[in-house]
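Enquirer: Following the hints, complete the assembly by docking chain B with the ligands onto the known chain A.
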Amino acid sequence: MLTLFDLVVRSMRKNIKHYYLYFFALIFSVVLYFVFSTLEQDSAVLDRSGGSMGLAFKVAGILLILIAGIFVVYANAIFLKRRSREIGLYQLIGLSKNKVARLLIIENVLLSAGALIIGIGAGMLVSRLFLLLLMKLIGHEGFITVSFSLAAIIQTIIVFMVISTLTSIQMLFTVRRSTLLGLFNAEKKGEQPKKPRTFRSAVLALLGIGLIVFGYWLSGNMMNKWLLFNMLAVLASTILGTYLVFRVTISWLFYQIRSRKQGHLGLNNSLSLGSLMHRMKGNANSLTIITVLSAMTLTMLAGAYSLYYATEKVTRYVMPYDFMFDEDQQDEEWMERYGFNEVSVEEFEAGLKEKGIAYTTETIELLGVEGTYEKGVFPILIGKMEGIYNTYMVSAKQLQKAGFQVETPKSGTLLLHYAQWGSMLKDIKVPFEVNVTSIEPASAFTAVKYGAGDVVNASWGPQFVVNDADFEKYKSAMDQENMLNISEERVVRNVRVFNVADKGQLAIASGIRNQNRSEGSWSHGIDYYSMYEDSIKVNGLLIFIAGFLGLVFLISTGSILYFKQMTEAEQEKQSYATLRQLGFTVKDIMRGIIRKQVFVFGLPLLIGLLHSIFAIKSASFIFMSDITVPTAIAMGVYALIYLTFAFLTIGYYRKTVKAAL
Amino acid sequence: MNETIKTTKTVLHAQNVRKSFGTRSNVQQVLKGIDLRVAEGEFVGIMGASGAGKTTLLNVLATIDRTTEGSILIEGSDISKMKDAELSAFRRNKLGFIFQDYNLLDTLTVKENILLPISLGKMKKRVAEEEFNAIADILGIKELANKYPHEISGGQKQRTSAARALINKPSMVFADEPTGALDSKSASSLLGTLEDVNKKRGVTIMMVTHDPLASSYCSRIVFLKDGNIYSELYRGDKTRQVFFQEILKVQGVLGGDSVDTI
Ligand SMILES: Nc1ncnc2c1ncn2[C@@H]1O[C@H](COP(=O)(O)OP(=O)(O)OP(=O)(O)O)[C@@H](O)[C@H]1O
Ligand SMILES: [Mg+2]
Chain A
3 MLTLFDLVVR
13 SMRKNIKHYY
23 LYFFALIFSV
33 VLYFVFSTLE
43 QDSAVLDRSG
53 GSMGLAFKVA
63 GILLILIAGI
73 FVVYANAIFL
83 KRRSREIGLY
93 QLIGLSKNKV
103 ARLLIIENVL
113 LSAGALIIGI
123 GAGMLVSRLF
133 LLLLMKLIGH
143 EGFITVSFSL
153 AAIIQTIIVF
163 MVISTLTSIQ
173 MLFTVRRSTL
183 LGLFNAEKKG
193 EQPKKPRTFR
203 SAVLALLGIG
213 LIVFGYWLSG
223 NMMNKWLLFN
233 MLAVLASTIL
243 GTYLVFRVTI
253 SWLFYQIRSR
263 KQGHLGLNNS
273 LSLGSLMHRM
283 KGNANSLTII
293 TVLSAMTLTM
303 LAGAYSLYYA
313 TEKVTRYVMP
323 YDFMFDEDQQ
333 DEEWMERYGF
343 NEVSVEEFEA
353 GLKEKGIAYT
363 TETIELLGVE
373 GTYEKGVFPI
383 LIGKMEGIYN
393 TYMVSAKQLQ
403 KAGFQVETPK
413 SGTLLLHYAQ
423 WGSMLKDIKV
433 PFEVNVTSIE
443 PASAFTAVKY
453 GAGDVVNASW
463 GPQFVVNDAD
473 FEKYKSAMDQ
483 ENMLNISEER
493 VVRNVRVFNV
503 ADKGQLAIAS
513 GIRNQNRSEG
523 SWSHGIDYYS
533 MYEDSIKVNG
543 LLIFIAGFLG
553 LVFLISTGSI
563 LYFKQMTEAE
573 QEKQSYATLR
583 QLGFTVKDIM
593 RGIIRKQVFV
603 FGLPLLIGLL
613 HSIFAIKSAS
623 FIFMSDITVP
633 TAIAMGVYAL
643 IYLTFAFLTI
653 GYYRKTVKAA
663 L
Chain B
17 MNETIKTTKT
27 VLHAQNVRKS
37 FGTRSNVQQV
47 LKGIDLRVAE
57 GEFVGIMGAS
67 GAGKTTLLNV
77 LATIDRTTEG
87 SILIEGSDIS
97 KMKDAELSAF
107 RRNKLGFIFQ
117 DYNLLDTLTV
127 KENILLPISL
137 GKMKKRVAEE
147 EFNAIADILG
157 IKELANKYPH
167 EISGGQKQRT
177 SAARALINKP
187 SMVFADEPTG
197 ALDSKSASSL
207 LGTLEDVNKK
217 RGVTIMMVTH
227 DPLASSYCSR
237 IVFLKDGNIY
247 SELYRGDKTR
257 QVFFQEILKV
267 QGVLGGDSVD
277 TI
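The listed protein sequences correspond, in order, to chains A and B.
Residue numbers for the first sequence follow this note's numbering, beginning at 3 and rising by one.
Residue numbers for the second sequence follow this note's numbering, beginning at 17 and rising by one.
No wet-lab data here; the hints were simulated from the structure.
Computed from a prediction, not measured in an experiment: that's the story for all the values here.
Certain hints may be false.
Stated by the list, open to error - Calculated lysine-lysine pairs in the BS3-like style (CA-CA distance at most 30 Å, straight line): (1) B:K163 - A:K589; (2) A:K263 - B:K163; (3) B:K138 - A:K575; (4) B:K163 - B:K141; (5) A:K657 - B:K110; (6) A:K263 - A:K315; (7) A:K575 - B:K185; (8) A:K263 - B:K99; (9) A:K283 - B:K163; (10) A:K589 - B:K140; (11) B:K141 - A:K589; (12) A:K660 - B:K138; (13) A:K575 - B:K97; (14) B:K141 - A:K575; (15) B:K97 - B:K25; (16) B:K163 - A:K575; (17) A:K660 - B:K25; (18) A:K660 - B:K99; (19) A:K657 - B:K25; (20) B:K99 - A:K575; (21) A:K589 - B:K25; (22) A:K263 - B:K138; (23) A:K16 - A:K101; (24) B:K25 - A:K575; (25) A:K315 - A:K101; (26) B:K163 - B:K138; (27) B:K158 - B:K97; (28) B:K48 - A:K660.
This is chain A alone, in the form it adopts within the complex (with noise of 0.2 Å):
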């Protein structure tokens, strides 16, 4: 007599060749969320990466469980599908429905169990792998080793006792609702292709299109006081519209073109839309989900990588001098006053002599200025701004002099420069006119350009860049002391910028500037090799863990395709028999194949990047750099490891057609 672990042994026995691919499923998801969950625990990787990115680690975390759970679950769905007619035959031999989900839940458990083996040690042999490629994201040189971390392991084990919980119940749901007449027909199941109703589905399939362009079209124009509603709204209209493309838009477009040819179909639209139509209600779901999460991937890829291409341009944007001191800082005074610590300027040029470090300094003169700008000329973002508040006035022959390229404005022109501003202003309609106030008699410029960065180190406000003609004469303006309402300590501000000629001696020079800075302290004058160094932390942590959800992401959309796939060829096989009997080649039925995935892989890439470029866009503001470059990138990485699974997928058809007769 047969015990039901017997049966179970051999059924996992004879299925290895369906298990094998839940099983890599799983063991997949184990290993990415235990690598995680080292990094994670690990604390010396929260050090180094600044500390604060805990919170960052957890959110990631978390959305990491609800991926794996999701895919897990996916695949187990399609699992189970494939094995509907053998959970059929033991219905049939006449085991109990409750045996048979006993049956199951028990190989369940077991596969889960070695899953959770075969991933834990997968991933500990791969996490130095993560961890040395995120030490390289940040920065960090040096050699760092993994801790062996128990409480990944029992974090790791938790998720997924739960996961396969959730599965196993899965399955007990499946045996119980299942008939035997469904079982067997299971595999065979597929719709056939109604007759639209015309109306109906035309209007439909229109609104489909209609709202992602809404989507598109809103996500451009949403700056204004319903931001939170408009982003809301864009997010609805797209996903909807999405959803309705691949629900009715597609099936609609499918059957006008093929009602058109009148049965004459050919051998590829045979082997492609005859085959997608039949299965577009079923897919029309899971190429939605796959449509967006690719969206929303390619959005958190590509602005990451953004915000981490661009550090090093974002950091001399802010800090376009290596080094600066404020006038402010040589005042004992002053600096007792706020409690700041710091070398002074003579100190900091002894110790550059002292290691040998070559460099050039310049003094540069802020003038501070008041008045208004022209109506209406600033986006809606930066606010209704019109007055001029907190705002210098800056010579561009100083600025040359001392390193920094800068062209040299006509006579009553200003170029207005402020990092902060960022590309917000990018389209901003210039010329325009700046009416500087305080100073009488008060004087009109023409902002003629909005130029890229600060033009000194930690600014905190807007600079006029004039030349020197006109900024002398403002000057001698503010000596016969016909100032007009502005503060005192803001008139004017003398600052000594210095640049080390050798980069390579930052750090070191870095080092001299820092000396006395306490951890922990805040640094009036912050230099651009600390600031880079923080910002490379943030940043470099911030790609690390886009990249890793992204993988994850990537690899779950582009399996759960690729397991579909699987299905639909071994659906197909008698049909490719067929079709190699009646004379096609091989050769002429790829071409079917080859063109129907270009529309399961393309389309939902296609329509994921184009969403994924208008949100990237609307967001653009808040990048200070240029993006093209780095979203190219990112999307292209993307696409190309995207495309893989879709190579994969013709492989496994060319395998089933070529075994096929």
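Expert: The following block gives chain B with the ligands in isolation, referenced to the frame of chain A:
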């Protein structure tokens, strides 16, 4: 022997065809040296007990499977020397198939299924449409053109399968138990059609069947036993009734499964 057959053109000539399955240690010889000559316009039936090698022989002759030994010439070309791609083209252009289990593509309508074999050819749409109408008329499935396989009966599926086999005007049609799954009315209607096509269009047909009634439509029956040709039977000018009785006799000697067909 019938003289007229000898003088007409030979479309298929199999010489010493052998076919084995299995690994080197466990070889099963299914065809043990078959010699067969089929003249143009013949309607050949192949009969024999289950496992006698009928399907295997048909597959080998129809270039779907390769022989282990021996040569097969169809219209003078030696198919055992052809490459796979050549064989495919040959099947597509010269041969037609009716399978026992229809082998229609679920995802395509009746019309789309029927038009498949000419889908790669350069045939004009108008010509193809005419071809389709002609063949669908003969087989009485014109009204089903836009239905999917799961929406039609077994007999209708089989007729669709037959239409697909005939659409490209093959010089030879192979049919493996085309009436196996049909009731007697559908069966005789399909067989009548095949006979018609054979007579009027001069298409050579080779049909595997268990059913003596079905084989009585043929002009010749080849009996297989354990991978060899056991005997042959020509209809000549005999009526179907007489031919049927003769077939029953041979089958009785052969043994096998004639019982279930009556
Ligand atoms: N692909 C194969 N591999 C191994 N053995 C095979 C294969 N195909 C057929 N055989 C064997 O060859 C023998 C003849 O098979 P075949 O299918 O030709 O019989 P048949 O005469 O068509 O029988 P039936 O009337 O039941 O269809 C059988 O014993 C079968 O087991
Ligand atoms: Mg057979």
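Enquirer: With reference to the structure, classify each hint as holding or not holding.
Expert: Checked hints:
1. This hinted pair checks out: K163 (chain B) and K589 (chain A) have alpha carbons roughly 29 Å apart, not beyond 30 Å.
2. A C-alpha spacing of about 15 Å is found between K263 (chain A) and K163 (chain B), which places the hinted pair at or below 30 Å, so the restraint holds.
3. A hinted pair counts as satisfied when its Cα atoms are at most 30 Å apart, and K138 (chain B) with K575 (chain A) qualifies at roughly 27 Å.
4. For a cut-off of 30 Å, the pair hint linking K163 (chain B) to K141 (chain B) stands: about 20 Å separates their Cα positions.
5. For the hint linking K657 (chain A) to K110 (chain B), the alpha-carbon distance of about 27 Å falls within 30 Å, and the restraint holds.
6. For a cut-off of 30 Å, the pair hint linking K263 (chain A) to K315 (chain A) is broken: about 56 Å separates their Cα positions.
7. Between the alpha carbons of K575 (chain A) and K185 (chain B) the distance comes to roughly 27 Å, so the proposed pair stays at or under 30 Å and holds.
8. A threshold of 30 Å between alpha carbons decides the hint, and for K263 (chain A) with K99 (chain B) the separation of about 34 Å lies outside it, so the pair is violated.
9. Between K283 (chain A) and K163 (chain B), the direct Cα distance comes to roughly 19 Å. Compliance with the 30 Å bound is thereby established for this hinted pair.
10. For the hint linking K589 (chain A) to K140 (chain B), the alpha-carbon distance of about 23 Å falls within 30 Å, and the restraint holds.
11. Between K141 (chain B) and K589 (chain A) the alpha-carbon distance is near 24 Å, which keeps this suggested pair within the 30 Å criterion.
12. The suggested pairing of K660 (chain A) with K138 (chain B) holds, with an alpha-carbon distance near 26 Å, which does not exceed 30 Å.
13. Proposed proximity of K575 (chain A) and K97 (chain B) is supported: the alpha carbons are some 28 Å apart, at most 30 Å.
14. Between K141 (chain B) and K575 (chain A) the CA atoms are separated by roughly 29 Å; this keeps the pair inside 30 Å, and the hint holds.
15. Restraint check: the Cα-Cα separation between K97 (chain B) and K25 (chain B) comes to about 22 Å, which is no more than 30 Å; the hinted pair holds.
16. Simply put, K163 (chain B) and K575 (chain A) have alpha-carbon atoms about 22 Å apart, close enough for the 30 Å limit, and the pair holds.
17. Straight-line distance between C-alpha atoms of K660 (chain A) and K25 (chain B) comes to about 36 Å, which puts the hinted pair past the 30 Å bound.
18. Taken as a hint, the K660 (chain A) and K99 (chain B) pair is honoured in the structure, with Cα atoms around 15 Å apart against an allowance of 30 Å.
19. Proximity of K657 (chain A) to K25 (chain B) is assessed by CA-CA distance (about 41 Å); at most 30 Å being required, the pair is judged violated.
20. Of the pairs offered as hints, the one joining K99 (chain B) and K575 (chain A) holds, with about 23 Å between alpha carbons and a cut-off of 30 Å not exceeded.
21. Proposed proximity of K589 (chain A) and K25 (chain B) is contradicted: the alpha carbons are some 34 Å apart, above 30 Å.
22. For the proposed pair K263 (chain A) and K138 (chain B), the alpha carbon gap of about 16 Å is at most 30 Å, so the pair holds.
23. Restraint check for K16 (chain A) and K101 (chain A): the C-alpha separation of about 19 Å stays at or below 30 Å, so the hint holds.
24. A threshold of 30 Å between alpha carbons decides the hint, and for K25 (chain B) with K575 (chain A) the separation of about 38 Å lies outside it, so the pair is violated.
25. Note on K315 (chain A) and K101 (chain A): the hinted pairing is violated, with a Cα-Cα distance of about 65 Å set against a maximum of 30 Å.
26. Of the pairs offered as hints, the one joining K163 (chain B) and K138 (chain B) holds, with about 26 Å between alpha carbons and a cut-off of 30 Å not exceeded.
27. This hinted pair does not check out: K158 (chain B) and K97 (chain B) have alpha carbons roughly 40 Å apart, beyond 30 Å.
28. In summary, the hint linking K48 (chain B) to K660 (chain A) is supported, as the alpha carbons are separated by about 28 Å, within the 30 Å threshold.
Consistency with the previously given hints fails for numbers 6, 8, 17, 19, 21, 24, 25 and 27, ordered from lowest to highest.
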